[in-house]
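> Spelled out, the chains give:
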Amino acid sequence: GQNIDQPTEMTATEGAIVQINCTYQTSGFNGLFWYQQHAGEAPTFLSYNVLDGLEEKGRFSSFLSRSKGYSYLLLKELQMKDSASYLCAVRGGGATNKLIFGTGTLLAVQP
Amino acid sequence: GAVVSQHPSRVICKSGTSVKIECRSLDFQATTMFWYRQFPKQSLMLMATSNEGSKATYEQGVEKDKFLINHASLTLSTLTVTSAHPEDSSFYICSARDAHTGELFFGEGSRLTVL
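Going down the list, the protein sequences come from chains Z and Y.
Be aware that the first sequence starts at 507, since it is given in this note's numbering, and climbs by one per residue.
Be aware that the second sequence starts at 3, since it is given in this note's numbering, and climbs by one per residue.
Take these hints with a grain of salt, some might be off.
In the DSSO-like style, the derived pairs of lysine-lysine whose C-alpha atoms are separated by at most 30 angstroms in a straight line are [unchecked claim]: (1) Lys16/Y x Lys43/Y; (2) Lys68/Y x Lys43/Y; (3) Lys68/Y x Lys57/Y; (4) Lys582/Z x Lys43/Y; (5) Lys57/Y x Lys16/Y; (6) Lys574/Z x Lys563/Z; (7) Lys66/Y x Lys16/Y; (8) Lys563/Z x Lys43/Y; (9) Lys43/Y x Lys574/Z; (10) Lys43/Y x Lys587/Z.
The set of hints was computed from the structure by calculation and includes no laboratory data.
What you are looking at is a predicted structure, and each value in this text was computed from that prediction instead of being measured.
Generate coordinates for the entire structure from the input sequences, incorporating the hints supplied.
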């Protein structure tokens, strides 16, 4: 079966660093994505990892360990506008390469 | 950049009626589109994979006769919620895969409220 787990909620302080973890067990693996979603809006692409290691993109970094079925999203210098849901998604193998989303983490950034 | 347009963005309908939601890729061809449903404070749940020119592939537990998917062209997929009930009220989001680059783009979502 498919299982992608994230913490349900997290709280962090403006200016700080926060790490959002994602563990997955899927049939097939062809990359892991992180998306940001504000309430009532569509997800916005943040990062993509297909090989082990760290991908850095400005204030956001994402790490992947395929052997451990684990990824994290690191947000630095937190801003109030970073308050949103963060979704981990795994692209399975096969012809359709469908994207399966994790449970999502609601991040609240406080002053 | 590439854009995926969903229409309508919001729809309110009476119980028992059918509602059609369109998903269009505006500047690229999409042989594959995906339909997701999202309930409040929950993540996106994949409903079905829509393939141009062929039948959609539905995820386990999704009724194919209730959620009709048509992908008649390389730029348009439609989701019809038939005989809608209040429990079908949700945020429906499509995504389209660029046939050339493989990149995935999301639509803006459609919020359905069934009274």
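> Confirm or reject each hint.
Hint-by-hint comparison with the structure:
Between Lys16/Y and Lys43/Y the alpha-carbon distance is near 24 angstroms, which keeps this suggested pair within the 30 angstroms criterion. In summary, the hint linking Lys68/Y to Lys43/Y is supported, as the alpha carbons are separated by about 24 angstroms, within the 30 angstroms threshold. For the proposed pair Lys68/Y and Lys57/Y, the alpha carbon gap of about 15 angstroms is at most 30 angstroms, so the pair holds. Between Lys582/Z and Lys43/Y the CA atoms are separated by roughly 25 angstroms; this keeps the pair inside 30 angstroms, and the hint holds.
Among the hinted pairs, Lys57/Y with Lys16/Y is consistent with the structure: their alpha-carbon atoms are about 28 angstroms apart, no more than 30 angstroms. For the hint linking Lys574/Z to Lys563/Z, the alpha-carbon distance of about 23 angstroms falls within 30 angstroms, and the restraint holds. Proximity of Lys66/Y to Lys16/Y is assessed by CA-CA distance (about 21 angstroms); at most 30 angstroms being required, the pair is judged to hold. Straight-line distance between C-alpha atoms of Lys563/Z and Lys43/Y comes to about 27 angstroms, which keeps the hinted pair within the 30 angstroms bound.
With a C-alpha separation of about 28 angstroms, the suggested pair Lys43/Y and Lys574/Z falls inside the 30 angstroms cut-off, and the hint holds. Taking the CA atoms of Lys43/Y and Lys587/Z, the gap is about 18 angstroms. The hint holds against a cut of 30 angstroms.
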